[in-house]
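Protein chains in written order, with my numbering: chain A, 1 to 202; chain B, 1 to 202.
No lab work stands behind these hints: they were computed from the structure. A portion of the hints provided could be inaccurate.
Any copy, or any two copies together, can satisfy a pair, since identical chains are not distinguished.
What the hints assert, rightly or not - In silico lysine-lysine, DSS-like type, Cα no more than 30 angstroms apart, as pairs:
#1 Lys159 / Lys138
#2 Lys138 / Lys173
#3 Lys10 / Lys118
#4 Lys129 / Lys160
The structure presented is a predicted model; accordingly, all values stated were derived computationally and were not measured.
Protein chains: 2
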Amino acid sequence: MVHLEKIEYKPMPVRDLLVEMKDISELMIDLAYSAALFHSRELAEDVLELEEHVDTLAYILGMNAMLAARDAEDAEALVGVSVVAAAANKISDAAADIAAIVLQEIGIHPIVREAFQKVEERLARAQVKPDSILIGQKLGELELAAKIGVDIIAIRRGKKWIINPKGDETVHKEDVLVARGAPLGIEEIKGLAEGTVQKLED
Amino acid sequence: MVHLEKIEYKPMPVRDLLVEMKDISELMIDLAYSAALFHSRELAEDVLELEEHVDTLAYILGMNAMLAARDAEDAEALVGVSVVAAAANKISDAAADIAAIVLQEIGIHPIVREAFQKVEERLARAQVKPDSILIGQKLGELELAAKIGVDIIAIRRGKKWIINPKGDETVHKEDVLVARGAPLGIEEIKGLAEGTVQKLED
């Protein structure tokens, strides 16, 4: 799992790096809980991969923050950024710890399952089937948040994760959608992805 | 901030302790982001208090888990519980780190504020004003989740926090409600608490 590749400096806006770290680490918590709840090794492996990605982002953010600091005032302000980045990293580590239980097959105690039950109500993971009406639609045009109170927080397309997809992202066949929202909406998005629901109600 | 009181064993179900740790730590992340976003020392202090509470729960959970293990099989299963509890504790620490920035007045860099902007859309903190229609109503009867897509995730009543309040919890005047949900619902719950919205639409 651990790749000891050298992480090279890439010029990237610190803001974008921080937003990505924060969004991914929050998503990872939900994914890790889901992995434990559904006993999904696949999902647990996704979490560990994302954890590595967050580590890489943390390094790149550190380098860019250092280069961004021109004077003492900048440095002071940027310390806050690095604290938040470190917190996101800690959250990502916590998610990886939970995912590791699934992979180590320690077994999920019924107590843990109960503790995670509320997660199940507000999170769905559904693969887009060939007869889903979502295929070819842009997320922004679907207006899922307004219509059914659901946000698509990630899409797994083949090996690639799209975290917090933008409105112009199009749904592809076989995409795995990770959605978060109100319990009723969660049921509806599953049906829409799987093709059992053929109409998106307002 | 740090109280070095002896934490004594209390017999409590491990399940309840784990659920509480998980719920509080997740809430703390949102509260910490809000504290940074709204530059609220009060909210930041709440987070640090909750962090101490989570630490205490972790100790009590540890003691109860040890006493619950009767044989090797129990012990194996309970290791998973302790990993999840440790993860919740790590998340709570991360939230406290963020809250500490607010209290240390390092200053919130505009970059951090931007990274937290999405939190603002899905989280509200509103005090219940004397002419709010919510006063005296039970949460379960209000059906906020079904009607406006909003969950009350915590209530601060005086010095006391009620985390994940149950349906039979009644809203009091001056309660501070922390709500999470869809952006439109978030605006509505603020209005309902503050008395500017006098009707809960279906």
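Run the structure past the numbered hints and jot down the numbers of the failing ones, going up. none
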